[in-house]
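The primary structure of each chain is shown beneath.
Number of protein chains: 2
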Amino acid sequence: MANEVVFRSATEQDLERIVEMLADDKLGATREQFALPLPEVYREAFRAIDADPNNELVVACLGEEVVGVQQITFTPYLTHQGGWRATVEGVRTSSTVRGKGIGTELINWAIQRAEQRGCHLIQLTTDKTREDAIRFYERLGFQATHEGMKMKLK
Amino acid sequence: MANEVVFRSATEQDLERIVEMLADDKLGATREQFALPLPEVYREAFRAIDADPNNELVVACLGEEVVGVQQITFTPYLTHQGGWRATVEGVRTSSTVRGKGIGTELINWAIQRAEQRGCHLIQLTTDKTREDAIRFYERLGFQATHEGMKMKLK
Chain U
140 MANEVVFRSA TEQDLERIVE MLADDKLGAT REQFALPLPE VYREAFRAID ADPNNELVVA
200 CLGEEVVGVQ QITFTPYLTH QGGWRATVEG VRTSSTVRGK GIGTELINWA IQRAEQRGCH
260 LIQLTTDKTR EDAIRFYERL GFQATHEGMK MKLK
Chain V
140 MANEVVFRSA TEQDLERIVE MLADDKLGAT REQFALPLPE VYREAFRAID ADPNNELVVA
200 CLGEEVVGVQ QITFTPYLTH QGGWRATVEG VRTSSTVRGK GIGTELINWA IQRAEQRGCH
260 LIQLTTDKTR EDAIRFYERL GFQATHEGMK MKLK
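The listed protein sequences correspond, in order, to chains U and V.
So the number in this note's numbering is just where the residue sits in the first sequence, counting from 1, plus 139.
So the number in this note's numbering is just where the residue sits in the second sequence, counting from 1, plus 139.
Rather than coming from a laboratory, the hints here were simulated on the basis of the structure.
Check before you lean on any hint, since a few could be wrong.
Repeated chains share a single entry, so a pair holds when one copy, or any two copies, can fit it.
In silico EDC-like cross-links for lysine to aspartate or glutamate, where the CA-CA straight-line distance does not exceed 16 Å [claimed, not checked]:
id, residue 1, residue 2
1, 289, 277
2, 289, 266
3, 165, 271
4, 239, 143
5, 239, 204
6, 165, 270
7, 291, 254
8, 293, 254
9, 239, 228
10, 267, 228
11, 289, 228
Predicted model, so just to flag it, every value in this text is computed and none were measured.
Put together the whole structure using the sequences plus the hints.
Right under this line is the structure:
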């Protein structure tokens, strides 16, 4: 099954399904608002992402069904001798396909895309309470070398 | 002295001084290449940052002297109900002004700028070996809630 996964850029038609997946998560459940019609804030964010050549919202599909999503941001930095980095965020797979390797394919796709775009580094932060996710990323080759520090703003 | 600090967008004329500061650091010393003329990779990265409305390279100045630098990236995300985030990277202060609060002013400036741009979150990652930096950011209100996971690419 996993080898039938097709990756493509998300369209606004995918947005309800994407937000449904973002909300179907232990942390997402408390932060997202999956309701139909979809809150306009999600459509505004989609359009901002879609308009930015340095942001890519990617969905994984099995046939007609969207079963995974991730956002990849490409950023030029002066550090590391002027290197581009890829940052992955909002990674979710559908609860209907857990354990089928879709998450692994998603992240491997992001790694390949980052290499295509000339990035020297791919990075992400994951909540320290997501112990399974941390082990998952470590198996794929990420190392938890940094503290991911955050501050909520007004 | 600290209350005379002026913040402004970096120009290409500041680049030599910025790279000198990036290299004058325990980790930066092994990764940067401060030589004159400056390696072209830094100029290319500067132009990419300067051309991107979602990236701001900011310098702190005392009179004519550039004494601090940071890059702030603004990213639209679907997560957190379509919220924008600010990510701070490449923060350095001149070794000539350590202990004068320039770093605090720099980060407080980034926080204000993030609020102006409507961000709900400001974030950064810092190497776990930078224990002083971690304590510095915690004092300013950041919390190390996440693992910062990285993978080097070819």
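Comparing the hints with the structure gives:
1. In this homomeric assembly, residue 289 and residue 277 come within 16 Å of each other (Cα to Cα) only across copies, at 9 Å, whereas the closest approach inside a single copy is 21 Å.
2. For the homomeric pair residue 289 and residue 266, the shortest alpha-carbon distances inside one copy (10 Å) and between copies (14 Å) are both at most 16 Å.
3. For the identical chains of this complex, residue 165 and residue 271 are intra-copy neighbours only, at 12 Å inside a copy versus 33 Å across copies, given an alpha-carbon limit of 16 Å.
4. For the homomeric pair residue 239 and residue 143, the shortest alpha-carbon distance inside one copy (11 Å) is at most 16 Å, but the shortest distance between copies (58 Å) is not.
5. Only within a single protomer do residue 239 and residue 204 lie at most 16 Å apart by alpha-carbon distance; the minimum there is 15 Å, versus 57 Å between protomers.
6. Taking identical chains as interchangeable, the C-alpha atoms of residue 165 and residue 270 lie at most 16 Å apart only when both belong to the same chain, with a minimum of 12 Å there against 31 Å between chains.
7. Taking the shortest Cα distances, residue 291 and residue 254 sit within 16 Å of each other only across copies (10 Å), while inside one copy they are farther apart (32 Å).
8. Proximity of residue 293 to residue 254 under the C-alpha cut-off of 16 Å is restricted to the inter-copy arrangement: shortest distance 7 Å between copies versus 36 Å within a copy.
9. In this homomeric assembly, residue 239 and residue 228 never come within 16 Å of each other (Cα to Cα): the closest approach is 21 Å inside a single copy and 36 Å across copies.
10. With identical chains, the CA atoms of residue 267 and residue 228 are at most 16 Å apart within one copy only, with a shortest distance of 15 Å there and 21 Å across copies.
11. Taking the shortest alpha-carbon separations for residue 289 and residue 228, both the intra-copy value of 14 Å and the inter-copy value of 13 Å come in at or below 16 Å.
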